[in-house]
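Trainee: Take 156 as the starting number for the sequence shown in my numbering and just add one per residue.
Quick caveat, the hints were computed from the structure, so don't treat them as lab data.
Check before you lean on any hint, since a few could be wrong.
To be verified - Once the Cα atoms are required to be at most 16 Å apart in a straight line, the calculated EDC-like pairs of lysine to aspartate or glutamate come out as: (1) 281 x 348; (2) 380 x 347; (3) 380 x 276; (4) 281 x 391; (5) 281 x 338; (6) 281 x 386; (7) 380 x 348; (8) 367 x 338; (9) 504 x 438; (10) 442 x 455; (11) 367 x 403; (12) 367 x 386; (13) 281 x 258; (14) 442 x 429; (15) 281 x 266; (16) 442 x 369.
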Amino acid sequence: MTLNLATRVADTSPTPRAKPRSTAQKRRPNATKRTTTPADKTATAPPCESIKGLVYCDDRGPGLRRVRGKDGEFQYVDADGRRVHDEATLARIRALAIPPAYEDVWICPMENGHIQATARDARGRKQYRYHPEWTANRNANKFQQLALFGASLPRIRRRVQQDLARPGLPPERVLALVVTLLERTLIRIGSDEYARQNRSYGLTTLSRRHTKVDGSQIRLTFTGKSGVAHDITVRDRRLARLVRQCMEIPGQRLFQYRDESGQRRAVDSSMVNDYLRAACAQDFTAKHYRTWAASVYAFDLLRSNPQASVPEVIKTVASRLANTPSVCRNCYVHPSVLEAHAAAALPCKGSAPRSPKGLSVAERRFLAFLANQTFSGSGSGMTT
């Protein structure tokens with residue numbers, strides 16, 4: 156894959172802040188640390204029986220394997236080593252378009268399995284090919300949650316501001332710092348597995364060598380998912396001061412704190428997600444921020460300029476996410492935005508709603524738009 160240089164200055168406009176509560180309640184430290192593997196993602200997914208007859212499966216069970224024959228061409232064999240000749244099965248496999256360079260290929264023997272194939276790419280990363288109906292259902296669930304996420308943002312932001320004001324460097328303050336940078340930069344949250352195996356980084360796996368603080372300026376330079384080079388600048392004096400304090404703690408990881416016994420602890424993605432769930436009493440994760448931001452941005456660009464080219468708008472939004480335009484359109488921008496634009500039905504006139512407080516004008520407009528929309532999710536592809 157060709158490397159893309161994502162050089163960005165993060166949106167440093169002040170995050171809308173709701174007024175803090177008059178009395179700050181004491182809060183428990185974050186819940187027990189957990190780690191999530193790609194296999195866990197399927198284990199916690201909605202039951203397949205509710206998705207148009209799909210059946211749950213994974214690559215620990217019997218499946219078809221891809222091997223090279225004596226002529227150098229790919230062949231497919233079942234769990235007993237017998238070559239597959241059934242034309243319908245071979246057509247289904249060809250439609251999966253698994254790259255020739257991928258190894259350790261496992262293919263579901265059932266055409267209605269929710270996972271259709273897994274494989275390892277050239278860098279050893281596990282890749283998944285899901286059934287289109289599974290992907291569509293997952294996208295639909297994600298987008299259906301977006302209005303509730305937007306309505307929950309003021310509550311999350313209040314909690315973040317309260318925790319940023321804490322003295323010292325307790326875990327709550329470091330987590331609030333991470334969430335603030337997440338919202339400002341839209342950097343992926345990060346995975347220990349990707350950092351270890353692929354040397355690709357996200358917010359929680361950044362190290363001090365990725366970070367430079369100069370006065371009120373924070374500069375983050377690192378390689379992210381898919382080998383994309385990031386160079387992101389945030390200008391905020393308070394955040395810069397907190398990042399500098401984090402950098403003073405020994406160890407490789409940037410975002411660390413000391414627990415009650417004085418031991419160094421690194422923040423990870425599960426802690427951030429637990430923090431968000433506790434802040435809003437809803438099952439939201441760091442991934443919702445990227446979907447929300449992409450949808451709001453696309454909505455605002457198309458609403459303010461009805462004659463705008465959709466491909467150009469998607470390209471602009473994708474650059475904010477450091478994604479390809481196709482991934483941005485299929486996985487991040489709410490389908491109703493594009494559907495309404497195509498029907499010339501985006502609300503281009505009128506004043507923005509005055510509530511909920513704690514959201515920007517663009518966010519309030521988008522949330523009001525979502526209140527009257529229905530849509531169907533779609534999308535497919537090999538994913539990590």
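Trainee: Evaluate each hint against the coordinates.
Mentor: Cross-check of the supplied hints:
Under the criterion of a C-alpha separation no larger than 16 Å, the hint pairing residue 281 with residue 348 is consistent with the structure, at around 11 Å. Restraint check for residue 380 and residue 347: the C-alpha separation of about 12 Å stays at or below 16 Å, so the hint holds. Restraint check for residue 380 and residue 276: satisfied, since their Cα atoms lie roughly 14 Å apart, inside the 16 Å limit. Proximity of residue 281 to residue 391 is assessed by CA-CA distance (about 38 Å); at most 16 Å being required, the pair is judged violated.
Taking the CA atoms of residue 281 and residue 338, the gap is about 28 Å. The hint is violated against a cut of 16 Å. Of the supplied pair hints, the one linking residue 281 and residue 386 is violated, its CA atoms being roughly 27 Å apart against a limit of 16 Å. Simply put, residue 380 and residue 348 have alpha-carbon atoms about 12 Å apart, close enough for the 16 Å limit, and the pair holds. Proposed proximity of residue 367 and residue 338 is contradicted: the alpha carbons are some 19 Å apart, above 16 Å.
This hinted pair does not check out: residue 504 and residue 438 have alpha carbons roughly 34 Å apart, beyond 16 Å. Annotation: proposed proximity of residue 442 to residue 455 is violated, straight-line Cα distance about 20 Å (limit 16 Å). A threshold of 16 Å between alpha carbons decides the hint, and for residue 367 with residue 403 the separation of about 12 Å falls inside it, so the pair holds. About 11 Å separates the Cα atoms of residue 367 and residue 386, which keeps this hinted pair within 16 Å; it holds.
Proximity of residue 281 to residue 258 is assessed by CA-CA distance (about 10 Å); at most 16 Å being required, the pair is judged to hold. At most 16 Å may separate the alpha-carbon atoms for a hinted pair to count; residue 442 and residue 429 meet this at roughly 13 Å. Pair hint residue 281 plus residue 266 does not hold up; C-alpha atoms about 21 Å apart against a cutoff of 16 Å. For the hint pairing residue 442 with residue 369, the CA-to-CA distance comes to about 29 Å; that exceeds 16 Å, so the pair is violated.
The structure is inconsistent with the numbered hints 4, 5, 6, 8, 9, 10, 15, 16, although it conforms to all the rest.
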